[in-house]
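Q: Here's the letter readout for the chains.
There are 2 protein chains.
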Amino acid sequence: MSGGDLTPPVPDSESPPAVVLLSGGLDSATCLAIAIAEGFTVHAISFRYGQRHQYELERAVTLAETFGVASHRIVDIDLAQFGGSALTDPRLDVPKADSVDQIGHDIPITYVPARNTVFLSLALAFAEVIGGRDIFIGVNALDYSGYPDCRSDYIATYEAMANLATKAAVDGGRRLKIHTPLLTLTKAEIIARGLALGVDYSQTLSCYDPGPGGTACRRCDACLLRQKGFLLNGITE
Amino acid sequence: MSGGDLTPPVPDSESPPAVVLLSGGLDSATCLAIAIAEGFTVHAISFRYGQRHQYELERAVTLAETFGVASHRIVDIDLAQFGGSALTDPRLDVPKADSVDQIGHDIPITYVPARNTVFLSLALAFAEVIGGRDIFIGVNALDYSGYPDCRSDYIATYEAMANLATKAAVDGGRRLKIHTPLLTLTKAEIIARGLALGVDYSQTLSCYDPGPGGTACRRCDACLLRQKGFLLNGITE
Chain A
5 MSGGDLTPPV
15 PDSESPPAVV
25 LLSGGLDSAT
35 CLAIAIAEGF
45 TVHAISFRYG
55 QRHQYELERA
65 VTLAETFGVA
75 SHRIVDIDLA
85 QFGGSALTDP
95 RLDVPKADSV
105 DQIGHDIPIT
115 YVPARNTVFL
125 SLALAFAEVI
135 GGRDIFIGVN
145 ALDYSGYPDC
155 RSDYIATYEA
165 MANLATKAAV
175 DGGRRLKIHT
185 PLLTLTKAEI
195 IARGLALGVD
205 YSQTLSCYDP
215 GPGGTACRRC
225 DACLLRQKGF
235 LLNGITE
Chain B
5 MSGGDLTPPV
15 PDSESPPAVV
25 LLSGGLDSAT
35 CLAIAIAEGF
45 TVHAISFRYG
55 QRHQYELERA
65 VTLAETFGVA
75 SHRIVDIDLA
85 QFGGSALTDP
95 RLDVPKADSV
105 DQIGHDIPIT
115 YVPARNTVFL
125 SLALAFAEVI
135 GGRDIFIGVN
145 ALDYSGYPDC
155 RSDYIATYEA
165 MANLATKAAV
175 DGGRRLKIHT
185 PLLTLTKAEI
195 IARGLALGVD
205 YSQTLSCYDP
215 GPGGTACRRC
225 DACLLRQKGF
235 LLNGITE
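So the sequences go chain by chain: A and B.
Using the numbering used here, you'd call the opening residue of the first sequence number 5 and step up by one each time.
Using the numbering used here, you'd call the opening residue of the second sequence number 5 and step up by one each time.
Worth flagging that the hints you see were computed from the coordinates, not collected in a lab.
Do not rely on the hints blindly, as some may be mistaken.
Copies of the same chain look alike in the list, so a pair counts if it fits in one copy or across any two.
Here are the simulated SDA-like pairs of lysine to any residue, each with C-alpha atoms no more than 20 Å apart in a straight line [as the list claims (entries may be wrong)]:
(1) 100 <-> 163
(2) 232 <-> 69
(3) 232 <-> 78
(4) 232 <-> 197
(5) 181 <-> 103
(6) 232 <-> 105
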């Protein structure tokens, strides 16, 4: 049987490889900084998934360079073809509000069907090939938009599934772990953590609906949550 | 909030929508026939994932037409970029043998990292958008190549995860179900079932490494398992 050259590299135990999902937003930038601070050799993965703007991806590239990741892969996967979300369908309006208190409690139209499940699955493939057992995702279930695939029980069950899915899991060894270091932090706590780790948040973009040049709209859920987080840290952007 | 036009259609209770993963092989063709026989309105999904040949996809198109599915979507997702499999890397040889008894017991080099997890995740996105709660996948854990993502505990845990992942799941209603009608059947039993449902197996292609025009090699695991199944039904192709 061929394939000797595809045996995953033996991880450096001092700095094992990890895959970090990097959108270019505030949360994933912080997550990237945490993965590095925890001693992982980071392989970043981003997605060109049919989002309504590309500014986010530009920021992901900048962040990956700034942090000097081992590799950065941008995967094309057209989720827009399925429709169903204002983040992938420019005919749908992104909801806007004047303050964070006006954000609705229902799952909003910006929800992209099964997005994190698709993204984690591709991260899982990537992790398996690089011989990694660690995936970082910046989901947050406190100051967030109410998406179902950002909650702790979802992540825990995803991890259980991943540990049955792959050759690496079946071959034994250390279990695959989905790291969610931001899960129970407020946006203000996330920003404080990132600032302590040297994240330059001007390199990030959170806005769901930016104007030309990637200017934040300041009125979508993501902008409002971000502003609140900075304000509580005594910072204005 | 916009998005009224994206409310999933109310399923016809007589014929609810289901997503069927359709590779163009023997198993998925049988699975498609079963989904239709069970009364579902079938939306087929296939993947151009960097497989070493496109003949399989041509067969999927033919099968979808033959069975008159409601829709058939071919999704591009480049798993070849991650490497690690003889099914996506033409530099690697597909293992060949002279009889089914020679098939190894280890997970073979034809395993594609996290493939079923990626495919099911995209099927999940598709199901959510069409208002479907049913996904059919032709995995089989008896006469199969030993892939970890074809086993019952993997599928059960995937289903649990999917029921936490989506807006549809959170909004309540009937649980999402991953149907695996072939899971515990032998290849011979699968073929017998398909023949009873009118599957024309000459429209299918199982070979991992076909020659020009999609001619089966007759010596890869998939060919050997297929031949054995036909033989036990008293049929030669």
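Q: Give a verdict on every hint.
A: So, going through the hints one by one against the coordinates:
For a Cα distance limit of 20 Å, the shortest separation of residue 100 from residue 163 qualifies neither inside one copy, at 34 Å, nor across copies, at 34 Å. Taking CA atoms no more than 20 Å apart as the test, residue 232 paired with residue 69 passes in neither setting, with 28 Å inside one copy and 54 Å between copies. Taking the closest pair of Cα atoms, residue 232 and residue 78 never come within 20 Å of each other, the shortest separation being 30 Å inside a single copy and 42 Å across copies. Taking the shortest Cα distances, residue 232 and residue 197 sit within 20 Å of each other inside one copy (15 Å), while across copies they are farther apart (60 Å).
For a Cα distance limit of 20 Å, the shortest separation of residue 181 from residue 103 qualifies neither inside one copy, at 36 Å, nor across copies, at 39 Å. Only within a single protomer do residue 232 and residue 105 lie at most 20 Å apart by alpha-carbon distance; the minimum there is 10 Å, versus 65 Å between protomers.
Hint compliance for this structure: hints 1, 2, 3, 5 are not met, and every other hint is.
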